[in-house]
Every structure is written in C-alpha cells, then in structure tokens.
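K.L.:
Protein chains in written order, with this note's numbering: chain R, 1 to 250; chain G, 1001 to 1163.
Misleading hints may appear alongside valid ones.
Selected chain R positions facing chain G (Cβ under 8 Å, derived; list incomplete) [as the list claims (entries may be wrong)]: (1) A25; (2) L55; (3) W59; (4) L77; (5) N92; (6) T95; (7) T102; (8) F151.
Honestly, the hints are just simulated from the structure, not real lab data. Computed from a prediction, not measured in an experiment: that's the story for all the values here. Glycine included, C-beta positions come from ideal geometry on N, C-alpha and C.
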Amino acid sequence: MSSPLHDSLDGANGGIQSGRYYGRAIPYLPIDGYPGKLIAIEGTDGVGRSTQIELLREWLEVRGYGVIETGWTRSPLMQPTIELAKSSNTLNKLTFVLLYATDFADRLEKEIIPALKAGFVVLSDRYIFTALARAGVRGVDRQWLRSLYGFAIAPHLVFYLKVDVETLIGRVLEARGMDFWESGMDLKHGDDIYDSFRAYQNKLLREYSSMADEFHFRNIDARRSVDTIQMELRRQVAAFLESADEPRPE
Amino acid sequence: MTFSLLHATDFADRLLYKIIPPLKAGMIVLADRYAYTAFSRDTTRGVDRQWVRELYSFAVRPDLALYFRTPIEVSVDRLMARRVKLKFYEAGLDMGWSSNPVESFRLFQGKVLSEYDRIVEEFGLQVIDAAGSITEQQRMVRQLVAPHLATSPVEMSDEQPVA
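Using the sequences plus the hints, can you model the full thing?
P.N.:
Shown next as structure tokens:
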C-alpha cells in the first residue's frame, strides 16, 4: 500500500489538499474556493457514529453553523436499488462496489457539493473509506478502487472511531444482533455467523488502519463513553473551524 | 457521474453473467455496443476521459471490435425517415444545448462521433463505412470476422474427453 508508485497515482490518495477532488472525474463541476467544510466520521458498524453525529450537529447548530448530514447509501436515486440487490443473491463484489459508488456520486453532486458551495458544514456518516475497506477486504483491486473514487472530495477532517473487535461484538449483540452483510457472510468464511462476524470485522479494522496515515485519519478511541468521545470531537472540530475562520473577517 | 456509474454497474453485471461464462465455454459473444460506447458518451457528458477508461478496466478486451461509422447527417436522416421519436438521453437533451430534439441530437451525437474517432485510434477498432448498403457492410463484417474464427479453439476442445 505504501509503494512509491502510490504517490503518482491518479485517484484517492493522501497527497491531496482538503476540499479538493482526489483525482479525476468531474471536470464540469469546479469546487475550488467553496466556503463549506466537509467532515467525515468513519468507523465500522456499531461503533456509535450516528449518535456522535447527531450530538455534533446539534452543538454546531447552536453555535450558528449551517449543518447538513449525508450518509452512506442514503441517496434517493440508489437506496431502493441497493436494498433490493442486497436482498437477492445476484450481487457480486464488482456490482456491489459500483452501486455504492453510484450512490455516493449522486449524493456528492446533489447534496455535498451544493452544501459546500453554500458554506455549510457537511457531516458525512461514513465516507469513501468504508467503501475502500469493504471492497479491499473482498479482494477488489485497490488501485482500481482509488481511481474509481478519484471523483471524491478530500474531507477537511476525517475522524476514525476506533474500536477493537471484542468491544464491537458486545455492542452489536446488545443493540440488534449480527446481520448477514455486517458479518461478511458473503465471503463464505463458514456457516457460523459469530465466527464470520469476528473474522470479517477483524479484517475490516485492519483495512481501516492501513489507510489511517495515508488519509490523515484522526483516531478517536471509541471504547470510551459517548460523552467523552463527543467532547473530544467538539474540541477538534472547534479548533479546526476557528482556524479556518481566522483569515476571513466575520 | 451517476449516469456513467449506473451504466458501468449494468455493464459489470452483464459481463459477469452473460459475457464471461460463454467465453469460458468457448462460445462466441456478440456484443451490441461495448465499453467504447461509454467512453464516447460519458466523455461527451463531461466526465473525465481517463477516469472512464480506468473505470472500465475490469472489462474483457474484445478479440475484434467493429465500429460502424456514419456521418451525423446520414444518421439524422435515417432516424427521421423512420419517424422515430428521439429519446431524451440519446438526443443529449439533458445537456441543455438546445430545446429542439433534432438540433440537440445533432449537437450531442456530433460530439459523440468525434469522440469515437479518438477511440478508433486508441483501441484499434475496425471501421466499417455504415453509409454503404447492408449487403456491402455484411460482406465487410464477414471478411473481418473470418480470420478470428479460423483459429477458434472450439473444435479442438471438442476432441477432449468429457470429464
């Protein structure tokens, strides 16, 4: 992953300034100089992302920021198709990746870019790193994935809510139980959903970790209490937004 | 972007279910349009040229690719003669270049055609003059296809014992 070839690669990689496209793809939508800020909250299933985002949103709004949220597979164009495809057995890893990418492209053009243009803070519940991790675990070519997601915008901040598998298992079982896709049952590690979940999530966590340095993840220890995590997020977001505000007179 | 990615998803699905299995079985697959259509159409819509090519790098490279080339006027005349209603996206009406479907078709497909010319060079497509008669074109097609069939391994694999 850290081969010298990587730096010269077109596509999603860490050498790109935040707020710009990683690579090629949408020459018809220039985004330079848009005032909005893109903040991605990453982390595997059950790690507490949505709770944190909800709290963060409220806090930002109280402080006078315009905030919109966007989340993985939530585009009106693609959500029904993705649900349908997941419920049948016709999906393979390539079509899976492309459906996700289409969903992301739709949200990027219709939600994220307009919001950045209008000066909103965009809170993204998961970002392309989830797609890169899931597809990477499934053996899809990493270089091709990065080129595919070259049309994504490098976020201003990426928070990675980090947990260990043990903590995760406890939380998921407590909350709602393990589901087919979250357990990576499509990878056919075996019939036992517990073993499969454990093996799959372990691989995912490793995949996320391997991207941490490259994409400037800010690691947040997600084993702690909701409040503690939220305090740390607020502190870092506040520091960033204040420094971003400085050069411009209010 | 979403237009481009949806087509790629559809293509990936057909590739894995309809194209690769028969190829493995030694059959001939005739594809009515292929990734090259996406290269020209998506690029005309403003998607990055190189990005689309990389997107489709999972596609199988055809043994033979034929391009039926026709001047834009011939294409417009043929469609008008059949009095077909031009499709919204085919006429590129989503681009907002003209509200007149025929004019928009001419503008949009004109750009698509010049994009094809670039692709012919880049990927070595065999060009067939589609302004000619059907018989002439078919003769040309057969001539181009024949050498590929002569070296087809199908007959040899028939000799292998059934497992």
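K.L.:
Each hint should be assessed against the structure and marked as holding or not.
P.N.:
Evaluated hints:
| no. | hint | in the structure |
| --- | --- | --- |
| 1 | A25 | holds, 4 Å |
| 2 | L55 | violated, 32 Å |
| 3 | W59 | violated, 33 Å |
| 4 | L77 | holds, 6 Å |
| 5 | N92 | holds, 6 Å |
| 6 | T95 | holds, 5 Å |
| 7 | T102 | holds, 4 Å |
| 8 | F151 | holds, 6 Å |
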